[in-house]
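**Student:** Given only the sequences and the hints, what does the whole structure look like? Please build it.
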Amino acid sequence: MKWWPMIGISKVLTENKKYATKTDVKRMKIFKRSLHIYTIDVGNSNILNFEMRALQTPKYNVHRFGMYFAASPRHADLLIVLGKPTKKMIAPLLEMVNQIPEPFGVMLLKGCESSGIDPDELKIPNVVTSVNGCLDPSEILAILLKISGRID
Amino acid sequence: MIYIYFSFIFFALGVLTTFYRKVSYIMATIGSAFPFLAAVAGMHTSFTSNVFVLFNGFNLSVGVDHTSAIFLLIASISWFTISLYSIDYGMNYSKKMPVFFNAALFGMFLVLIARDALTFISGWEIATVFSYLLIMEHKHSFKEAFEFLAFGEISTVSLLVAFASLYLENHSLAIVGSHGNWIFLLMATIAFMAKMGIYPLHTWLIGAHSRAPSNVSAFLSAPLTLMGVYGLVRVLSIAGQPEWWGVLAMIFGGFSAFWGALQAAAAKGLKILPAYSTVENNGMILATLGLSVVAYSANLAVLSSFAMITTLILLFAHNTTKSLLFMAVGHAKEALGEDTIDNVRGVWTAVGKIPAISILISGLSFSAFPPLIGFLGEWMTLEALFQSYKFPSILDRLSAVFAGILIALAMGLAAFSMVKLTGYTALGYDHGKKARTIPSFTMRLSEIILSLIVVLTGFFSPYMLKYFGYGTFLSGLFGVPKPFLIVSSHPVFGVVSPTFLTIVIGTLFLFPLAFYLQKLRKVKRVSAWNGGIALKEKEYFTAPAYSFTLEYIMRKVYSMKEIKVGNKRYVSVKDVTTLFYSGLKRATEIVAKFLSLTLMNGHIYSYVLYTMIMFILLFFLIK
Amino acid sequence: MKKLLGAYRQNGEEHLILQENGKVFVQEGNASEFENSVLLESRNEYVKDVLSKEEISGNDIFDFRYGPVTSGIGEAGIFHLYTYGERILSVKIDTSYKRRGLDERMINSDINDALKLSEEICGNFAISHSTAFSRAVENALKIKVTRDVELLRSIALELERIYNHLYVISRLAQAASQQVLASHLMGLFEDSLVTNKIFSDSRYLMNFNAIGDVLKIPSRKELKDVSDRVKKIENIFSKLYENSMSSGNYIDRLHLTATLDAKEAELIGLTGPSLRACGVKEDLRAYDEMYPEIEITSDEEGDSLSRMEVRAGEIFESLKFVRKTIDDLNLADETTSPNSIGSGEGIGWCESPSGTIVYHVEIENSKIKDVYVSTPSVFGMSAIAHSIVGNIFTDFPFVVESFGVNFSDAAR
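Residue numbers (the numbering used here), protein chains in the order written: chain B, 1 to 152; chain X, 153 to 775; chain L, 776 to 1187.
Please note that a few of the clues may not be correct.
To be verified - Beta-carbon label-pair distances, calculated as ranges:
1. L:Gly-1054 / X:Ile-742: 52 to 60 Å
2. L:Lys-1144 / X:Lys-713: 55 to 63 Å
3. B:Lys-26 / L:Asp-888: 31 to 39 Å
4. B:Lys-26 / X:Asn-719: 53 to 61 Å
It should be emphasised that the hints constitute simulated quantities derived from the structure, not laboratory data.
Quick caveat: nothing in here was measured; it's all calculated off a predicted structure.
Glycine included, every Cβ here is placed at the ideal spot set by N, Cα and C.
**Tutor:** Structure representation (C-alpha cells):
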C-alpha cells in the first residue's frame, strides 16, 4: 500500500503556510470550495497570459483548491483582467463583465507594462482586488486562495 | 346528400363572384364546410345520389360511404382552413385565382365522393388542370407548372388504362363493389403514386410546391396528395389485397420516406424543405398501407387493421400539420418577401407570434414531439413495423425490416431538418428586419385553428381512433383509465397514452415553471455571448452551414460538390433523380428533333386537324 | 530568394529590409515589387493572405468571427474565418485590438526607455526584441560589445527559444487532447521559466539586456544550477518526445494539416522554424560567431507536423548549446559600461523563436528619432491565412498554434 492519502492530507494541512500574500482583497467566501475563473487579455505584453498558463501546470495543481478555468464567462465566478486595456478592448471588457452571472468578482492584474489605460478608472463593478506588477504564478495563486477564503 | 349539393352551389358561386376576390374565397370557405358535414353524416350511414345513366354501362353517381367519409373529413379540414387563409392571402394575387381555386376544390370533392370511374376521372382531371393554373399564378413558374401537368397527365393516362381494364372485366365503371385484376391495380397504383410524390415520381412535387403561391402549396401538399392515398385505398378494396403489392409498397414507401427526409435536411429553400417533407410523409403512409396489405394477406387481421388506422392517423397528421406549416411559412415569406430559410430569420419578432408559434408547432409535430398528433403517427408507424416478425414469409419480414430501417432514419433526419427550419425561421434573430404589414386576420385565424387541431387531436387522439371505427385498439392499463391507452395489438404489444403523457409532463413541468416565473425578476438578462462584441448580420451561422456536415458525410448520395468559380464559392447539392429526368428530357428532345426533320416534316396544323378528325371518327365508331 | 521583411522611408527614399540566405541587409528599392508589401501597410489593422488577391464571395458564406475574447486563442485579436460551414475558405486576422502603439511611443524617447518598450512589445520574445533593438543601437552608435556579453545574450536567447517551443508543442498536444503529454510539457515549460529566473532574475528574461551590456552577470553557482536544470529538461523532453511520436492519433491530427511549400513561404516572407519546416535551411544563427557548431534543423513537408518536429529539434539544439556554452564560459570579472551617447543610424536583428526580428533605428543625441520594427508574427499570420484555406474548423488550433505567432508581436 502506498501512503498517497496521508501525503495528500499533509499537503492540505501545510499548504496554507506555503502561500501567503499581503495584497488587500475583498473575500468571496461562497466560492471557497469551487471557484471558476475566466481570464481576459485586454492588451498585455503576453507575460500575464503565459503566467496564467503556467498557473494551470501540474506544478500548482489548482484543481485541488476547487479552482477551474472556465471556457465561457457565463460559467465563471471570477474574472481576471490581464493587463491594462487598449482603447478597443474597453468595450469587450465591459460587455464581458456584463455577461458574468451574479454573484461574481473581478480581479485586476495590471502587469508591469507602461502602455494602456488604467482599469481602475473604468468603474468596473465588484472589483475584489487590483494588483500592480508582474506576479509569478504562486503569488497569483496566493491571491486567489485569499479571495476564496482559504488563507488569511 | 343535401350537404353535397350545397357545397356544389357555393363552389359555383365562388367561381361566379371571382371579381370580388374576398367574397369568392368566403364562398369557397363556406363551400368546404359542407363536405365536413357530409363526412360526419356519412361516417355511420352511407348514402348515394340518384343514378344518372349516361348510356348503357356508364352510370354516374356520387355518394359517401365510411371510407370516403374518413378521407372527406380529413380533407375538408384542410380545405376549410386553406380557404379561410386565402381570404386575406389571395389579395396578393390576381382575380382569376379564385376561379381556379374553387374549381380545384370542386374537382377534389368530386374525386372523394365519386361512385363510378367516370366521375372519379372527371374530378381528377379538374383538380389537376386547375391546380396547374393555380401554380401558374406565381410569376416565372411556367417550368414547374408544366412539370406538374406532365406528371399529372401521366397519372391520368395510367388511370384511364386502369379503368379500361376494370371495364373489360366487369362491364361497368362502378368503383364500389366491383372486381379488378392485377393490371388495373398496377396502373392505378402508378397513377396514385405519381400524385402522392413517391420516389422516383416526386420531382414535380418539389418545384411545384416551392414555386406556387403558399395557399396553393398547402393545397397541393396536403389535400391533393391525400387524393392519391384515397385512390389507393379504393383500388385495393376493388382489386383484393395481394401480397406483392404490399411488399412493393413497403419498399417504395420506405425508400421514399428516407429520400424525402434526406433531401429535406439539405434544402435551402423555405418551401423546398416542407415539400420534401411531404415526400417523406407520403412514403411513410404508403409503407404502412403496404404493411396493412401484407398483414391482411397473411391473415393477421389485427395487425392489418392497426396498420390501416396508422395510415389514417399519419394521413391526418400530415394533412393538418403540413397545411399549417405551408400557411405559416407562406405568411412569413409573403410578409418578408424572401424565399430562403436564411433570409426569413426571426419570424417571431419580425412577422408575428402566431406564424412563429405555428411553424414551431408544426415542426415539433413533424419531429414527433409528444403529445402532438405527429408523435402518435410516428409511434404507431414504428409499432406496426415492429410487429412484422409475425409475418410467415421471410420476404415479407425482410422488406418490412428494410422499410423500418429507412423510416427510422427518415424520422431522425426529419427532426434534423425541422430543427433547421424552425430554429432559423421561427426562433432566429431578426437583424432588425421589419416585415411589411399585410392584411392577415384570416391568415392568423386559420393558423390558430390548425395549431389547436394539431395540439388537441394529439391530446384527444383516443376519441379520434374511436370515431374512425378502430375502438378495439383502446384500452386501460397501468392505472390509465379506459379508453385513454392506445395499444398496438391484441394481446398487448406496445402501449402509449398521449393524453396521460401530456398530463404527466404538464405536471412535472408546471411546478418548475411556476418556480421559474416567480424567480424571473431576479434573472439577469443579457444578449448572447459572442466574444465580447455584438454579432453583425454577416457573422451569423447560416442554415446551409448547419447542414453542411451532413452533406459532406453523405456526399456520394447528395452528389455534393464544393464549387470554386472565380471568386465565388458555394456548395452544390443535387437530388440525383432529377438527373434522370433531365436526361430523359434531352433524349426526347433529340428524338423529337430527328423525327420532325425526317418523318413528320409537315405543318403542325395538319397534324392537329388529323388528330381531331380521327378522334371524332373513333368516338362514333366505338359507340 | 530575397524576402521583404520591412520598409522605411528616409530622406524621401524607400529603403527595404531584406533577408536572403540567412543574412539581413538594407537596400534601396520599391516595396510594391514584392508580393507581401501589402502586409507592411496593413499590419496595424489586419493581416491577410497575401498570395490570393481576390475577395471570395457567395450567398451562403458567412464570417465566423473568433475573438476578440475567447478561451481558444487567449489573446485579444480576431480571426475572421469565412466559410459556408466547416470548410475554411478565407481568413482575415484583426490585430487592431492589441495595438498599443509601442513603436510610435519609442520615438523621441531615451534609448534606455525605448529598450524597455521593445521588451514590452511581446513579453515572451522579450530577449529577442531587446537584443535586436540593442544591436541596432550598438550598430548606430558604433558600440563594441564584448564577447562575454554576446555569449550571455545567446544563452538567454536560447533559453527563450526553449520555453517558447515547449509552450507551442504543449499547446499542440492540448489541441489534440493528448492531456498527459500536454501536462508533462507544461510542467517542463514551468521548469524552464524557473531556470530563466535563476539565470536572469526574471521569468521572462526581462531587464536583462542593456545597450552594449547585460544588467546581470550570473554567478558560477547559478550557472551550474542552470546547466543542471537544462540537463534535466533534456532528459525528460527526449523521452516525452519519443513517446509522443509513436502516438498515431496525435501525429495524424498534425500530419498534412495546413501545408505550405517553400516558394509560397518565401513569397509571404516567412522566417524561422516555420520556414525551415518547408525545407529551407535558413537560420540567422548560422552566421553568428557565438554559434560555431549550430546544426540547422529542417523538414520537408511544410505541414503542422513538420513545424512541430523542427521546433522539437531546435529545443534539443538549444539545450545542447546552453549546456556547452555554460561549461566553456569563462567570464571576466568586470565589464566596462559603454558610453551610449551620440547620433547615428543602424539596423539590428535577431533570430527569435518564431523568426527574424529586425529593428532599424535613427538616433539623434541619445534620443530615438525614428524606428522601424519588423516582427515575425505578421508574416506568420499571413502564412496561417494562406495555409489554413481548405482545412476545417477542427484543424484550426493545429494551424494557429503550429506557427507560434502572437498578436502582441504582430500588433506591437
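**Student:** Run every hint past the structure and note whether it holds.
**Tutor:** Checked hints:
no.: 1; hint: L:Gly-1054 / X:Ile-742: 52 to 60 Å; verdict: holds (55 Å)
no.: 2; hint: L:Lys-1144 / X:Lys-713: 55 to 63 Å; verdict: holds (58 Å)
no.: 3; hint: B:Lys-26 / L:Asp-888: 31 to 39 Å; verdict: holds (36 Å)
no.: 4; hint: B:Lys-26 / X:Asn-719: 53 to 61 Å; verdict: holds (55 Å)
Of the numbered hints listed earlier, not one is contradicted by the structure.
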